[in-house]
Amino acid sequence: MLDKPWNNRAWFFVIPVLVFVLFSSIIPMMTVVNYSVQDTMGQNNFFWNGAAWFQNLLDPTTDIGGRFAAALVRNLIFSLVVLCIELPLGIAVAICIPRHGWRVGAALVLIALPLLIPWTVVGTIWQIFARQDIGLLGAALNSVGIHYNDTQDPTSAWATIVVMDVWHWTGMVALLAYAGLKAIPDAFYQAARIDGASRWSVFRNIELPKLQKVLVIAVLLRFMESFMIYTEPSVVTGGGPGEATSFLSLDLVKIALGQVDLGNAAAMSLVYNLITLSLCWIFFTVMTQLEQRKGS
Amino acid sequence: MATITLDHIAHAYPGPSGAEKRYALKPIEHVWQNGRAYALLGPSGCGKTTLLNIISGLVIPSDGRLLFDGQDVTRLPTEKRNIAQVFQFPVIYDTMTVAENLAFPLKNRGMERRLIEARVAEIAELLDLTPVLRRRARGLTADAKQKISLGRGLVRSDVSAVLFDEPLTVIDPALKWELRSKLKAVHQALDMLMIYVTHDQVEALTFADEVVVMKDGAVLQIGTPADLFERPAHSFVGYFIGSPGMNFLPAVIEGRQAVVDGQRFDLGAQYALPAGDVQIGFRPDYATVTASGGIPVKLQRIEDLGRRRLARVTLGGHGLVATLPNDVTLTGEAAGLHVQPGHLHVYVDEHRIEGQRMTEPLHA
Numbered sequence: 001m002l003d004k005p006w007n008n009r010a011w012f013f014v015i016p017v018l019v020f021v022l023f024s025s026i027i028p029m030m031t032v033v034n035y036s037v038q039d040t041m042g043q044n045n046f047f048w049n050g051a052a053w054f055q056n057l058l059d060p061t062t063d064i065g066g067r068f069a070a071a072l073v074r075n076l077i078f079s080l081v082v083l084c085i086e087l088p089l090g091i092a093v094a095i096c097i098p099r100h101g102w103r104v105g106a107a108l109v110l111i112a113l114p115l116l117i118p119w120t121v122v123g124t125i126w127q128i129f130a131r132q133d134i135g136l137l138g139a140a141l142n143s144v145g146i147h148y149n150d151t152q153d154p155t156s157a158w159a160t161i162v163v164m165d166v167w168h169w170t171g172m173v174a175l176l177a178y179a180g181l182k183a184i185p186d187a188f189y190q191a192a193r194i195d196g197a198s199r200w201s202v203f204r205n206i207e208l209p210k211l212q213k214v215l216v217i218a219v220l221l222r223f224m225e226s227f228m229i230y231t232e233p234s235v236v237t238g239g240g241p242g243e244a245t246s247f248l249s250l251d252l253v254k255i256a257l258g259q260v261d262l263g264n265a266a267a268m269s270l271v272y273n274l275i276t277l278s279l280c281w282i283f284f285t286v287m288t289q290l291e292q293r294k295g296s
Numbered sequence: 001m002a003t004i005t006l007d008h009i010a011h012a013y014p015g016p017s018g019a020e021k022r023y024a025l026k027p028i029e030h031v032w033q034n035g036r037a038y039a040l041l042g043p044s045g046c047g048k049t050t051l052l053n054i055i056s057g058l059v060i061p062s063d064g065r066l067l068f069d070g071q072d073v074t075r076l077p078t079e080k081r082n083i084a085q086v087f088q089f090p091v092i093y094d095t096m097t098v099a100e101n102l103a104f105p106l107k108n109r110g111m112e113r114r115l116i117e118a119r120v121a122e123i124a125e126l127l128d129l130t131p132v133l134r135r136r137a138r139g140l141t142a143d144a145k146q147k148i149s150l151g152r153g154l155v156r157s158d159v160s161a162v163l164f165d166e167p168l169t170v171i172d173p174a175l176k177w178e179l180r181s182k183l184k185a186v187h188q189a190l191d192m193l194m195i196y197v198t199h200d201q202v203e204a205l206t207f208a209d210e211v212v213v214m215k216d217g218a219v220l221q222i223g224t225p226a227d228l229f230e231r232p233a234h235s236f237v238g239y240f241i242g243s244p245g246m247n248f249l250p251a252v253i254e255g256r257q258a259v260v261d262g263q264r265f266d267l268g269a270q271y272a273l274p275a276g277d278v279q280i281g282f283r284p285d286y287a288t289v290t291a292s293g294g295i296p297v298k299l300q301r302i303e304d305l306g307r308r309r310l311a312r313v314t315l316g317g318h319g320l321v322a323t324l325p326n327d328v329t330l331t332g333e334a335a336g337l338h339v340q341p342g343h344l345h346v347y348v349d350e351h352r353i354e355g356q357r358m359t360e361p362l363h364a
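Order-wise, the sequence lines are chains H and C. If you read the first sequence in our numbering, its first letter stands for residue 1, the second for the next number, and so on. If you read the second sequence in our numbering, its first letter stands for residue 1, the second for the next number, and so on.
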């Protein structure tokens, strides 16, 4: 192993990938970078603006800075709420899925069903479902005396978006957890029965530790997706009422395409992107290091 | 501590309805005596693990009753049976330390903390786990983990029986020897009923007071290691136990003699045989080959095992193995076979038949 051949020409093999990444990611990204350091007075004339867009964006006392900070906090709360519900719920569902027989297939298909629905369709389903006049959910809630209006009441809007996300994505957590549970050999359960362990103790001492790895993946996937959520709230609430459900993506689209405020939008895109990347990196590093420390 | 009775226990796994039931375990009747060590020996898939799981309650038998000290426990769930079981692969609780692992079965049964600590210390001492007691169990080697599993099986002093399901599979050979003698010592120290499943005859014969030999779901013989060696009740037992296994030759019985390919073997007893496929069997350990005399055989090759030599010979086209005494030198193919009288057994349809020994010699 020590006398590995050392030949820098091997780098040529990487060139096709580099070229591909250049066209697929780097060049489109550079146009955004371009906008983020320039300003325009119209007529397609651009001039250098330095870091002014970024300074504004990161200063919460400015208009755009305040708006960005509010959307960021809103989005973090949303991700946290969604994770706190979907993770335990997904594990609970996975534990209830049968392990043998035809019921396995039936249960898995039913659980995976929401995952197969296009996101705009999910939004549309819930938009109609929540309507107070003809929607089953909205009409039913109001008829039993609960005040529910997702177009005017922020609490209703939030509840709708959260429940919709739980409906849409808990299945994925459940499927991951189910795969993890299936990988636990029967001997562990048999040993636990012989040791007289309670159901809770089996969960706490066998299932949960063995699920750790798939749960790291589940947390990562669910966090990223919920932090970048756009389609469903855009269809159901459009970010409203007011700014109540304007998460980062929604707000970004409003600024870029609604107000055609290219400089602010470009700066926001880049910062948003960096936040996502660094949060994922932190997550992953912390989780894998915890794992290693436990091992030794 | 208990005596376990198997009352016509049998088990068939549910198959397609209408099809004839296929028994993974054919009806068996046996009493496991308190304080003794038993081994269930047989090739893979012979039903020994099924039998073990029936005793521990992980499998409910389709037929028969299981009694612990006379009490019917056939349908009692595992956790109420007071049984300890050690599995083939180490089962440890990852998040706990070694000490917590060992204490787990006791803690679940609400034992007092002080007593738990004393018992854990005692078992850890027996299995040489004391130096790692405070360490997290998941970082340890496979054999240390298996020792923890063994420890969890042995930690409860009030169990009816401790069951071992091929517990030394993952242990490397040098440690295997050590752990096996450790288990034997533990058995003597703790005076428990232990049942040990294995497909390794050395493990079974060194560990157990009594060995149950199984094949295809049926019990072929239950006996002490000496019984199995001296008087195998079934030709499979003769073949499976001993290294090399027993020699079997198709024979015709004529009174006190067996005729194989025109050659006569003295049986030392009178046989009146039922109809069936007749064979004679003898162990290589009780047969010797010399240069001349005895029954003429053809030498194939000699195997030098260091401490003893074996001669592979043929008699009328049938292969045999016999001991070659160290003072014998063979030249050429011709040799003579001698079988010690009284160590020749007659098998009809693979089952051993007892002959009638005459009290008075035939020709005085």
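Any given hint could be a false lead.
[To be verified] Below are the BS3-like pairs computed for lysine-lysine, each with C-alpha atoms no more than 25 Å apart in a straight line:
(1) LYS210/H x LYS176/C
(2) LYS107/C x LYS145/C
(3) LYS215/C x LYS182/C
(4) LYS145/C x LYS184/C
(5) LYS107/C x LYS213/H
(6) LYS182/H x LYS176/C
(7) LYS26/C x LYS184/C
(8) LYS145/C x LYS176/C
(9) LYS182/H x LYS213/H
(10) LYS107/C x LYS80/C
(11) LYS213/H x LYS254/H
(12) LYS26/C x LYS210/H
Derived by calculation from the structure, the hints in this document are not laboratory data.
Quick rundown of the hints versus the structure:
no. : hint                : verdict
1   : LYS210/H x LYS176/C : 28 Å, violated
2   : LYS107/C x LYS145/C : 20 Å, holds
3   : LYS215/C x LYS182/C : 28 Å, violated
4   : LYS145/C x LYS184/C : 19 Å, holds
5   : LYS107/C x LYS213/H : 28 Å, violated
6   : LYS182/H x LYS176/C : 31 Å, violated
7   : LYS26/C x LYS184/C  : 30 Å, violated
8   : LYS145/C x LYS176/C : 14 Å, holds
9   : LYS182/H x LYS213/H : 13 Å, holds
10  : LYS107/C x LYS80/C  : 15 Å, holds
11  : LYS213/H x LYS254/H : 38 Å, violated
12  : LYS26/C x LYS210/H  : 38 Å, violated
The structure does not agree with the numbered hints 1, 3, 5, 6, 7, 11, 12 stated previously, though it agrees with the rest.
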